[in-house]
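Chemist: Throw the hints in and build the complete structure from the sequences for me.
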Amino acid sequence: MSQPPLPGGFIVFGPDSNCTLALCPVQWSVYKYRPSLAANITFIVLFAIAMGTHVVLGIRWKQWFYASFMSLGCLFEIVGYIGRIIMYNNPFNFVGFITQVVFITSGPVFYTAAIYVTLSKTIKYFAPEISRFRPEFVWWIFIPADVICLVLQAAGGALSTISSGSSQTGVDIALAGLSLQVVILVLFCALLGDYLWRYFRSDNARAVGNNVKIFFTFVSAAVILILARCAFRCYELSKGYRYSDLITHEGMFIGLEGVLIIVAVFFLCIGHPGLVFDETTLNAVSASQSDAEK
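For the sequence shown, position 257 (counting from the first letter as 1) is numbered 257 according to my numbering, and the numbering increases by one without interruption.
Treat each hint with caution, since some may be false.
To be verified - Listed next, the in silico SDA-like pairs over lysine to any residue satisfying Cα-Cα at most 20 angstroms (straight line): (1) Lys239 / Thr169; (2) Lys32 / Ile247; (3) Lys62 / Leu72.
Simulated from the structure, these hints should not be mistaken for laboratory data.
Modeler: This is the structure in structure tokens:
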């Protein structure tokens, strides 16, 4: 059911919303502000550039999985920010609200999937003997967990749509997806940090070139940025959508959602596996990994 009508018959939230800026003050809207047109157009352009870059690099180094998931994440972000532009035109537009909630919230799940697969290949390529866990562990644990995060976040958004945003269950499910993503990323950071610590203290690191150091640096930085963003979104969503002051600060959203994620995406261009691994070795690693997954 939609929110009960205000005096004058106005409905400010839900699919039956009949408010516009000409009829209702923006303070009645869910965010209590008009999303910045300039900021959202900027993010759309940046994510489009990032997506194009990942497509080109994926074709160049035949990294289809990495390129596909990075591109899907960018596409989700673009659709989400289009939803925010719709809300700039009408902050009471429920389709725009749900579009940006579902797509911007879910987009980073695809980036983490690309990162997890990259770590698995990295361990196989560099020094699997010093790792405390088998590279296949990434496929068995992190990828299924990533799928669960995506399903929970999408389901939470869908329930919010069905209930016109009034269902706390939808919020709780989406929050569970984000919280699980934070837990998984923290575990991943611990495993990645442990592997890098052991690797750079081993004899294997003596022949490491600057390109490898750059690769590890930017992938690690991207993981930390995505983790910080997920922690922020958990905090932001902790009081729901409709009665929270946490979601009414656009500057915080731009800085801790948009900026963190677009920087992470470009870091993952610099930390592209193709910049470090030669194609022959990558094909061998991929074949070995496929055999392990069977």
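Chemist: Please list, smallest to largest, the hint numbers that this structure does not respect.
Modeler: none
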